[in-house]
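Colleague: Based on the sequences and whatever the hints tell you, model everything.
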Amino acid sequence: MAAISGLIRVMEKAARKAGARLRRDFGEIEHLQVSRKGPSDFVSKADQAAERTIWDELKAARPDWGFLFEEAGEIEGDPTKPRFIVDPLDGTTNFLHGMPHFAVSIAVQEPRLDGRGWGEVTTGIVYQPITDESFWAEKSRGAWLHDRRLRVSSRRHLDESLIATGIPFANKGDAGEWTKIYHGLAPQVAGIRRFGSAALDLAWVAAGRYEGFWESDLSPWDTAAGCLLVREAGGFVSDYKGRSLPICDSEVLAGNDALHTRLHKILVTSLKA
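Residue numbering for the sequence shown is 1 to 273, as defined by the numbering used here.
What the hints contain is simulated information worked out from the structure, not anything from laboratory work.
Distance condition first, Cα-Cα at most 20 Å in a straight line; then the derived SDA-like pairs of lysine to any residue:
| # | residue 1 | residue 2 |
| --- | --- | --- |
| 1 | K272 | E251 |
| 2 | K45 | R24 |
| 3 | K45 | T92 |
| 4 | K265 | G184 |
| 5 | K59 | L7 |
| 6 | K241 | D257 |
| 7 | K180 | R193 |
If you anchor each label on the Cβ, the simulated ranges turn out as follows:
| # | residue 1 | residue 2 | range |
| --- | --- | --- | --- |
| 8 | V268 | Q48 | 33 to 43 Å |
| 9 | E110 | E28 | 31 to 41 Å |
| 10 | A72 | E120 | 18 to 28 Å |
| 11 | P100 | E160 | 24 to 34 Å |
None of the values given here were measured: they were computed from a predicted structure.
Backbone N, C-alpha and C fix where the C-beta goes; we use that ideal spot for every residue, glycine too.
Modeller: Next up, the structure:
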């Protein structure tokens, strides 16, 4: 096992503390489902409280670093220092409906050496509070689930492969584009799954539970940690043009080392059809 760095320990402590609170709040959802007001306001507060918990923990440990939050937006720090990219509750709709599939995602992004914006992601963690699974990675040090090294799936045939996706909804995403990709891919694979958390989908690609994943119209906090996990587990992540960006969010295609190129070819062919 690789020695766990001080930074990972700080990030995991923050994720676990926020996760414990989310786990307690999740226990209230069943009661709120039948109330007249409904659980929506409660979930929003749970999300904000988790974000505040993470902010407090990380700010105390790295006071001069910046932040990019889903809720609070960008908080600038020392421009020569890294920043944290945080999604305190990825899978909010699952949480809202009492479905136990959601995660805390935290990543570290380095500033570019030329001072023009942000560069590579070097550290990431995706924590699932319900299963108590902590997926983490550091650049050039591999991807891990707790103390177990992660490797992407070794399956090399599409008809044996399970692929994850996110389906467009409520005017989010391009339904026509997604449908083309689905019709091109579905007949060739063992199955397609939509579980509602991009951070966990990418972590599961890294863990070999899925062979691939595609989705569009995401945000940096959805994918920053997950992209690093897949890459450090030996997989590949790109946009739909095949470019390996530091964070793929507006378009994400992830796959194991054997299948990413084939998945990309199907995607491109499907979109041209």
